[in-house]
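Asks: Sequence:
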Amino acid sequence: MASVVGLLDERELAARERVEGLREVADRVLAELAEAETEWQEWLIARQRVGEVLSAPRRRDADAGPAGEPFAPEPAPVPDAAPAENLIRPAQAAC
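So the sequence shown is residues 382 to 476, counted in my numbering.
Check before you lean on any hint, since a few could be wrong.
Stated by the list, open to error - Per label pair, the in silico range of CB-to-CB distance: (1) E393 / A415: 28 to 36 angstroms; (2) A396 / E416: 46 to 54 angstroms; (3) E401 / W421: 38 to 46 angstroms; (4) L389 / A417: 55 to 63 angstroms; (5) E423 / L388: 49 to 57 angstroms; (6) V434 / E398: 52 to 60 angstroms; (7) V410 / V431: 28 to 36 angstroms.
Read the hints as simulated data drawn from the structure, not as lab findings. Glycine is no exception: its CB is placed at the ideal position from the N, C-alpha and C atoms.
Go ahead and model the full structure; you've got the sequences and the hints to work with.
Replies: If you want it as structure tokens, here you go:
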């Protein structure tokens, strides 16, 4: 007949082996979870960037008129010519 201490040792060893096996599984699962979370975050960033790009007015759309016709801006008014004395300053004589 086996001793009580021997039976306890066997069960303790089995329990310890089970715990170690489960820890290994948990470590693998946590590593896989970290990879999946990183990938998910990358997709969220990609979706956000695509949304920003699509929501920004495109140059081609901004230059189109109401019916999609090209927008022709009105020419800017030319300011009146300034008097010549304002444009040309006399050179100061060097002493």
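Asks: Against this structure, judge whether each hint is valid.
Replies: Going down the list of hints, with the structure as the test:
no.	hint	in the structure
1	E393 / A415: 28 to 36 angstroms	holds (33 angstroms)
2	A396 / E416: 46 to 54 angstroms	violated (31 angstroms)
3	E401 / W421: 38 to 46 angstroms	violated (30 angstroms)
4	L389 / A417: 55 to 63 angstroms	violated (41 angstroms)
5	E423 / L388: 49 to 57 angstroms	holds (53 angstroms)
6	V434 / E398: 52 to 60 angstroms	holds (55 angstroms)
7	V410 / V431: 28 to 36 angstroms	holds (31 angstroms)
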